[in-house]
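Chemist: Sequence:
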Amino acid sequence: MEHIQSPYGPLSVEEKQVILNHGTERAFTGCYTDTFECGVYACRNCGASLYRSDDKFHSGCGWPAFDDEIPGAVRRLSDPGDSRTEILCAGCGAHLGHVFSGEQFTAKDIRHCVNSLSLRFEPQQGGRLGRAVFAGGCFWGVEAMLARLPGVAAVTSGYTGGKVANPSYRQVCSGKTGHVEAVEVVFDRKQTDFETLCRCFLEIHDPTQEDRQGPDIGPQYRSAIFYLDEEQEKTAERLLELLRRKGYRIVTRVEKFERFWNAEPGHQDYYRRNGQTPYCHSYTGRF
0 MEHIQSPYGP LSVEEKQVIL NHGTERAFTG CYTDTFECGV YACRNCGASL YRSDDKFHSG
60 CGWPAFDDEI PGAVRRLSDP GDSRTEILCA GCGAHLGHVF SGEQFTAKDI RHCVNSLSLR
120 FEPQQGGRLG RAVFAGGCFW GVEAMLARLP GVAAVTSGYT GGKVANPSYR QVCSGKTGHV
180 EAVEVVFDRK QTDFETLCRC FLEIHDPTQE DRQGPDIGPQ YRSAIFYLDE EQEKTAERLL
240 ELLRRKGYRI VTRVEKFERF WNAEPGHQDY YRRNGQTPYC HSYTGRF
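Per numbering that gives the first Met the number 0, the very first residue in the sequence shown carries number 0; after that it's consecutive.
Just so you know, nobody snuck in bad clues.
Derived Cβ-Cβ restraints for the label pairs, each shown as a range: (1) T84 - Y247: 46 to 52 Å; (2) S82 - R188: 37 to 43 Å; (3) V253 - Q124: 17 to 23 Å; (4) G125 - G174: 35 to 41 Å; (5) R237 - P79: 56 to 62 Å; (6) P9 - L148: 28 to 34 Å; (7) V163 - Q103: 16 to 22 Å; (8) S281 - G150: 18 to 24 Å; (9) E85 - K233: 41 to 47 Å.
Okay, derived cross-link-like pairs now, EDC-like style, lysine to aspartate or glutamate, Cα gap no bigger than 16 Å in a straight line: (10) K233 - E194; (11) K255 - E229; (12) K175 - D210; (13) K255 - E230; (14) K107 - D67; (15) K162 - E254; (16) K255 - D228; (17) K255 - E236; (18) K233 - D192; (19) K107 - E263; (20) K162 - E257; (21) K245 - E202; (22) K233 - E254; (23) K255 - E232.
Please keep in mind that the hints were generated in silico from the structure rather than gathered at the bench.
All C-beta atoms, glycine included, are put in the ideal place defined by N, C-alpha and C.
Take these sequences, add in the hints, and give me the full structure.
Modeler: Here you go:
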């Protein structure tokens, strides 16, 4: 593993043992075993975002447990001499822990068993990393456009706003689950902020189209900003009011965020993987 300039400073002796030497901290000793506050879990070694608090659950096993990761953030490594599958930070190769299936702790039936020493928790309020969730039609285009912005650490296509746990694309497309196609952005607060992201979002889709966006029609394509804290709510409402004063008939909803579910792998980073330019979204200056 190459030397990494970590935003969290040099590794301690204990952190080196786990992160660099693939060790394991003792059960029930980690500082994040019982942490369930809203936020993002980053790699202690390089600072990359790895997990979100939505996917953390209490397994009773003595280590932090997650049943999903931020797409592309975690690499799996099978060891022929070990029945377990090791998980590493995809960015720097830091040892995180192991992943298990078949235990049926959650509906996803996956458990990322992660060492607290391999992580650094970034709370939604005051942390180095923040989260923002937007819905504006097909998530492929919104994801591609927002991923270009400076300070964006990760963008994920998924579903939010509904009542069905872990919905599939087919279920959401039925328009009966209450979910929307949405995008979650993890951003570095030292480089950008929620208002910058929100302004861009309102200029890469049409906030005057109700329950549709271009050719995509249905409640799952509604325009919405899902706030994770009071500051985001106030900022979203202020920006929408600015557009109303400019004469726009805004239909974008401001809704309280509850849970984000990753879309299937085939929907992640769609345009880049297929070598295409977004055709479902484009930039229109409104502010």
